[in-house]
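Peer 1: So you can see what is in the structure, the chains are spelled out below.
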Amino acid sequence: MKRTVFPNRWLPYALVAPQLAVTIAFFFWPALDSLRLSLYRASPFGDRLIFIGLGNFQRLLSDPAYFWSAATSFLFSALVTVLGLTVALLLASLANAKIRGLAVYRTLLLWPYGIAPAIAGVIWLFVFHPSFGVLPYLLSFVTAYQFNWFLKGWVALVLIVVAAIWKQFGYNLAFYLAGLQAIPGSVLEAASVDGAGPIRRFFAITFPLLSPVTFFLFTLNMTFSFFDTFGLVHAVTQGGPGEATSILVFRAWKDGFEGLQLGYSAAQSVILMLLVVALTAVQFRFTEKKVTY
Amino acid sequence: MASTSPVASAGAVATAELAGRIPAARRRDMSGAIAHAILLVSVAVLAFPLYYAFVISTQSLDEVTTLPPKLVPSTHLIPNYADAWARAKMGRLLLNSAIVALAVAIGKIAISLLSAFAIVYFNFRGKQLVFWTIFITLMLPVPVRIVSTYQVVSVLGWVDTYWGLIVPLLASATGTFLFRQFFQTIPDSLAEAAQLDGAGPLRFFWSFLLPLSKANIAALFVILFVYGWNDYLWPLIVTNTPEMRTAVIGIDSLIPRTSQLPEWNVAMAAAMMVLLPPVVVIVAMQRWFVKGLIETEK
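Protein chains in written order, with the working numbering: chain Z, 6 to 298; chain V, 3 to 300.
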């Protein structure tokens, strides 16, 4: 704790005023208003709100489409995070050597972070394009199966997973490389002398020592794939085909701003809010206990 | 090893290999070669989609729609970019994105600096409450208050304005915590010395804290500029007219849908123009970018 040095009664309030004003007007008030709105639905003419208690939540929880949407969201986030991190860790472990030019590689790995998910999606949309894209063209030599994401839900899901991983992959790899370089070689050599093979060394030493990096990247990738991929879905698949890529955030936006079901959308926001609170709690438990720093 | 003859050394290596032991020097060379190979392949795979997008943006409509796909640049670069620029009113879109990204980055940094200064260098009633208020915003991203935030902006008459695009994004818990942590590492003696010299709090902030915070400001700037430029959900909600759209959303009209002429060359030209500014900022300010990535997630 710092010794407080400036005795001034009103200045600190003036200093925090802008932050508090924005926080209250655009964060707290809307969050509370979402809670209130989630208990209402619009009247048939949309001119006033009718109180329906937990009706919106009952409707959501009994709607198979909403359940499907939640499942898609979790599957999508899990695929992006687990695949992205596993491959990055594998490659980083294989490439862990004292070599020249690591700074150059880092630059060449980090730039995709700057590409908006929506733009990444548009580029991959064309790579996957059923008529002109390079990927279906190459696959046509291997199999007669039509990888048409306009028609097949799972191909559309693969498309957005690949686009999302592409954007994240470089810095996942860069962070694992940096983490590995920080592990003292003497530790691994000692294990090697004791007769531990490369796989044993990886699971007994490298992986536990990397747990802070893994945790950091895991949180980052989960948040990214759950919330920041709205643009990707909106620009590329519009939740389709059918409902195949309709993730939770996309559905909340669509029901609110295209369907104009404000109460229904607000109820979805409230569920997302509970989810964020739960995830934050998990994050804090983990930072306190499981992770070696 | 260097003093022995090549044959003898090769023999030694072979025996070592037979015994399952590879000499350390040779093992290091090999792992170095493997590392370079893996990194080169990764870099190339990552770069391919961007290269492909660029190549498409230089081709004519005929070239884009023929199979097999041509993977070398062609001659239509200028007409495609000019076409995209005119049809999507790229000038206005890029200007909007630049205004929003800069204002969001600078505004968030300014607001965070002031809050952190108040929290670290003053004792005031309700400080804990202020701290937790700021902390809780971490748990309230746009999607969890999507309809209601729009309604607030709408009541203020800020729909389709820069105010609406910028102000609701200005609160920053990460920025405040970053500067708070940094201020706490500054020795107390600095503020005491400043006070002895007769400097007031604002003078101390301006002449001492700000210059010391340069590196953190730069790090945060890169992250926030990229965030502001690439944000999608908020500008989509809060703007309706093409004039107020930001670039990531505005180029949507150029993406060919199923029933339209497949002018992917023009769409890719637009995509290249939109993705370039944040990528250039990251590459040019790479050192700060890496610092920012680490610091903002602590």
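Since the hints were derived computationally from the structure, they do not count as laboratory data. Mixed in with the good hints there might be a few duds.
As the list claims (entries may be wrong) - Beyond 12 Å from chain V on every Cβ pair, some chain Z residues (computed): (1) 19; (2) 56; (3) 58; (4) 68; (5) 96; (6) 130; (7) 149; (8) 155; (9) 192; (10) 216; (11) 248; (12) 269.
Said to hold, decoys possible - Partial list, derived from the structure: chain V residues whose beta carbon lies under 10 Å from chain Z: (13) 47; (14) 125; (15) 208.
Stated by the list, open to error - Examples of chain V residues toward chain Z, derived with CB under 10 Å: (16) 40; (17) 141; (18) 178; (19) 220; (20) 223; (21) 254; (22) 262; (23) 263.
Beta carbons: idealized from backbone N, C-alpha and C, even for Gly.
Peer 1: Against this structure, judge whether each hint is valid.
Peer 2: Hint check results:
1. Remark: the non-interface label on residue 19(Z) conflicts with the geometry, its nearest Cβ contact in chain V lying 8 Å away (cut-off 12 Å).
2. Listed as a non-interface residue, residue 56(Z) keeps its Cβ farther than 12 Å from every Cβ of chain V; the least gap is roughly 17 Å.
3. With a least CB separation of 19 Å from chain V, residue 58(Z) remains clear of the 12 Å interface cut-off, as annotated.
4. Every Cβ of chain V is farther than 12 Å from the Cβ of residue 68(Z); the closest lies at roughly 18 Å, confirming the non-interface assignment.
5. Look at residue 96(Z): its CB is around 5 Å from the nearest CB on chain V, not clear of 12 Å, so calling it non-interface is violated.
6. Consistency note on residue 130(Z): stated as away from chain V, yet its beta-carbon is not over 12 Å from all of that chain's, at 8 Å minimum.
7. In this structure residue 149(Z) is separated from chain V by more than 12 Å, as the shortest Cβ-Cβ distance comes to about 16 Å.
8. At the 12 Å boundary, the C-beta of residue 155(Z) falls inside the reach of chain V, the nearest C-beta of that chain being 7 Å off.
9. Listed as a non-interface residue, residue 192(Z) keeps its Cβ farther than 12 Å from every Cβ of chain V; the least gap is roughly 17 Å.
10. Residue placement check: residue 216(Z) keeps its beta carbon more than 12 Å from all beta carbons of chain V (closest about 15 Å).
11. Listed as a non-interface residue, residue 248(Z) keeps its Cβ farther than 12 Å from every Cβ of chain V; the least gap is roughly 18 Å.
12. The beta carbon of residue 269(Z) is not kept farther than 12 Å from every beta carbon of chain V, the shortest such distance being approximately 10 Å.
13. The interface hint given for residue 47(V) holds, since its Cβ lies 9 Å from the closest Cβ of chain Z, which is under the 10 Å cut-off.
14. The interface hint given for residue 125(V) holds, since its Cβ lies 4 Å from the closest Cβ of chain Z, which is under the 10 Å cut-off.
15. This hint is violated: residue 208(V) has a C-beta 13 Å from the nearest C-beta of chain Z, more than the 10 Å allowed.
16. For residue 40(V), the suggested interface contact is upheld, since its CB lies about 4 Å from the closest CB of chain Z, less than 10 Å.
17. With its C-beta approaching chain Z no nearer than about 5 Å, residue 141(V) sits inside the 10 Å limit, and its interface hint holds.
18. With 10 Å as the threshold, the beta carbon of residue 178(V) comes within range of chain Z, its nearest partner Cβ sitting at about 7 Å, so the hint holds.
19. For the restraint placing residue 220(V) at the interface with chain Z, the shortest Cβ-Cβ distance is roughly 16 Å, beyond the 10 Å limit, so the hint is violated.
20. Because the beta carbon of residue 223(V) sits about 13 Å from the nearest beta carbon in chain Z, more than 10 Å, this interface hint is broken.
21. Interface restraint check for residue 254(V): the shortest CB-CB distance to chain Z comes to about 6 Å, inside 10 Å, so the restraint holds.
22. A distance limit of 10 Å between C-beta atoms decides the matter here; for residue 262(V) the minimum to chain Z is near 13 Å, and the interface restraint is violated.
23. Interface hint status for residue 263(V): violated, as the beta-carbon distance to the closest one in chain Z is roughly 12 Å, over 10 Å.
In terms of the numbered hints stated before, the structure departs from hints 1, 5, 6, 8, 12, 15, 19, 20, 22, 23, listed from lowest to highest.
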